[in-house]
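Turn these sequences into a full structure, and let the hints guide you.
Protein sequence lines correspond, in order, to chains Y and B.
By my numbering, the letter at position 91 of the first sequence is numbered 91, and the numbering carries on one by one without gaps.
By my numbering, the letter at position 47 of the second sequence is numbered 47, and the numbering carries on one by one without gaps.
Incorrect hints may appear among the rest.
Stated by the list, open to error - Under the rule of at most 20 Å between Cα atoms (straight-line distance), these lysine-lysine pairs were calculated in the PhoX-like manner: (1) B:K95 to B:K69; (2) B:K20 to B:K50; (3) Y:K11 to Y:K57; (4) Y:K57 to B:K101; (5) B:K95 to Y:K57; (6) Y:K65 to B:K101.
Everything labelled a hint here was simulated from the structure, so no lab data went into it.
Okay, here's what each chain looks like letter by letter:
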Amino acid sequence: EAAVTQSPRNKVAVTGGKVTLSCNQTNNHNNMYWYRQDTGHGLRLIHYSYGAGSTEKGDIPDGYKASRPSQENFSLILELATPSQTSVYFCASGAQNTLYFGAGTRLSVL
Amino acid sequence: GDSVTQTEGLVTVTEGLPVKLNCTYQTTYLTIAFFWYVQYLNEAPQVLLKSSTDNKRTEHQGFHATLHKSSSSFHLQKSSAQLSDSALYYCALSKGANTGKLTFGHGTILRVHP
Numbered sequence: 001e002a003a004v005t006q007s008p009r010n011k012v013a014v015t016g017g018k019v020t021l022s023c024n025q026t027n028n029h030n031n032m033y034w035y036r037q038d039t040g041h042g043l044r045l046i047h048y049s050y051g052a053g054s055t056e057k058g059d060i061p062d063g064y065k066a067s068r069p070s071q072e073n074f075s076l077i078l079e080l081a082t083p084s085q086t087s088v089y090f091c092a093s094g095a096q097n098t099l100y101f102g103a104g105t106r107l108s109v110l
Numbered sequence: 001g002d003s004v005t006q007t008e009g010l011v012t013v014t015e016g017l018p019v020k021l022n023c024t025y026q027t028t029y030l031t032i033a034f035f036w037y038v039q040y041l042n043e044a045p046q047v048l049l050k051s052s053t054d055n056k057r058t059e060h061q062g063f064h065a066t067l068h069k070s071s072s073s074f075h076l077q078k079s080s081a082q083l084s085d086s087a088l089y090y091c092a093l094s095k096g097a098n099t100g101k102l103t104f105g106h107g108t109i110l111r112v113h114p
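Shown next as structure tokens:
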């Protein structure tokens with residue numbers, strides 16, 4: 001079954017530490033996305049990719065980097081995590097403007 | 001820039017009664033598509049409806065929405081709400097054709113009670 005899988009599902013990090021969120025998709029979609037979900041803000045686009053080796057900045061890229069080493073994998077990297085990055089992060093793959101989301105990663109930065 | 005506005009943070013309705021969730025937008029893109037996504041408790045968002053043609057009604061799972069470019073709206077409606085419809089609903093605008101870059105509204109929680 002085609003799916004978008006995120007790991008870890010839950011993560012507690014310390015301020016200033018490095019955090020890597022991973023995403024794997026078996027939909028064979030070229031496009032992949034990272035969103036964060038916060039109450040009062042909805043879903044906001046952080047980074048996206050149109051294929052292996054490409055990454056683009058979304059609407060709120062500051063403090064985040066992304067990596068797309070292959071068609072299937074798309075990572076979100078927080079080099080120096082801050083408490084303001086505490087959130088739920090969703091990865092998605094997409095085709096024809098329809099996004100298929102993973103189950104999310106709940107990140108707490110203390 | 002682009003924006004999507006969902007005016008209600010919470011909508012409460014009695015089972016069996018009609019429900020309407022509002023969505024309006026602002027965009028500079030000429031080619032746009034609109035979506036409603038639904039997120040059930042502890043699950044991922046999933047697409048509910050998609051529309052790209054002005055004044056055309058789109059239906060799925062008993063819900064329907066019509067894109068009205070004249071009023072910049074894409075409201076979600078259902079004639080008879082069910083308990084299982086309780087969820088978080090997002091209206092979203094795609095930035096251009098097939099980019100997949102969506103601008104989401106802040107979301108509306110729908111609570112259907114007996």
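Those earlier numbered hints the structure runs against, lowest number first: 3
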